[in-house]
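Residues 101 to 270 in this note's numbering are what the sequence shown lists, from first letter to last.
The set of hints was computed from the structure by calculation and includes no laboratory data.
Treat the hints with care, as some may be off.
[Stated by the list, open to error] When the alpha-carbon atoms are kept at most 20 Å apart in a straight line, the in silico EDC-like pairs for lysine to aspartate or glutamate are as follows:
1. Lys245 - Glu121
2. Lys267 - Glu121
3. Lys267 - Glu123
4. Lys105 - Asp254
5. Lys120 - Glu266
6. Lys258 - Glu116
7. Lys120 - Glu239
8. Lys105 - Glu121
9. Lys245 - Glu123
10. Lys258 - Glu107
11. Lys105 - Glu116
12. Lys258 - Glu110
13. Lys267 - Glu255
14. Lys105 - Glu265
15. Lys267 - Glu107
16. Lys105 - Glu263
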Amino acid sequence: INTYKRERQELETQNEQMRKELEKIHLLLLKHAGQWDHKLLEALESVDSEKDVPTEEHGPENNGTLAGEDDRTSAEKDSGIEEYVLQGAVPRHAVELYDGKESTLDRDGECDTSTISDSAESILKRCNKKDPFVTSPDEEEMRQKLSMLQLRLDEATKTLQVEREEKLSL
């Protein structure tokens, strides 16, 4: 029973880390999809303990663009996140949808990943539409990254389902 509790705590810690990584990835995807806004930036800054996102305020008149030094800093940070994801730093077995202050697993023992999946699919659809602000190589790269992330999410969802079934059988 102590082993089970320790493993559960480790999984919850991994899930929390995954949630933060998914938020960073989602932020990056939204930025590339042209949906960057100030409220999203503030929400992610309040959650991100490492403060990887730029902290300057950008009003709606900027239309999601950053200028000068901030643009380079943002691009470097985005690049770091992209590389982190591409190198497989996101564990495949620890994806959990974070909803509110409690995790879904803590509330009812189940994890609903359909919202994440739907969100990824909607972003992919938006990227498939012709966007004048995104160049063709960027579009292709984002499609590839979205597809890779979707595959990882699907695999993690299956793994979580198997773990839930094992837990229920105990």
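For each hint, the structure was consulted:
1. Lys245 - Glu121: holds (14 Å)
2. Lys267 - Glu121: Judged against 20 Å, a Cα distance of about 26 Å means the pair is violated.
3. Lys267 - Glu123: violated (28 Å)
4. Lys105 - Asp254: Given pair lysine 105, aspartate 254 is violated - Cα atoms ~26 Å apart, limit 20 Å.
5. Lys120 - Glu266: violated (26 Å)
6. Lys258 - Glu116: holds (18 Å)
7. Lys120 - Glu239: At roughly 25 Å apart (the allowed maximum being 20 Å), glutamate 239 and lysine 120 break the hint.
8. Lys105 - Glu121: With Cα atoms ~24 Å apart, lysine 105 and glutamate 121 exceed 20 Å; violated.
9. Lys245 - Glu123: holds (15 Å)
10. Lys258 - Glu107: Roughly 19 Å between the alpha carbons, so the hint for lysine 258 and glutamate 107 holds.
11. Lys105 - Glu116: It holds: about 16 Å lies between the C-alpha atoms, which stays within 20 Å.
12. Lys258 - Glu110: holds (19 Å)
13. Lys267 - Glu255: The hint holds at about 18 Å.
14. Lys105 - Glu265: Roughly 17 Å between the alpha carbons, so the hint for lysine 105 and glutamate 265 holds.
15. Lys267 - Glu107: holds (12 Å)
16. Lys105 - Glu263: Holds, because 14 Å separates the two Cα atoms, which is no more than 20 Å.
Hints 2, 3, 4, 5, 7, 8 from the list above are not met by this structure, while the remaining hints are.
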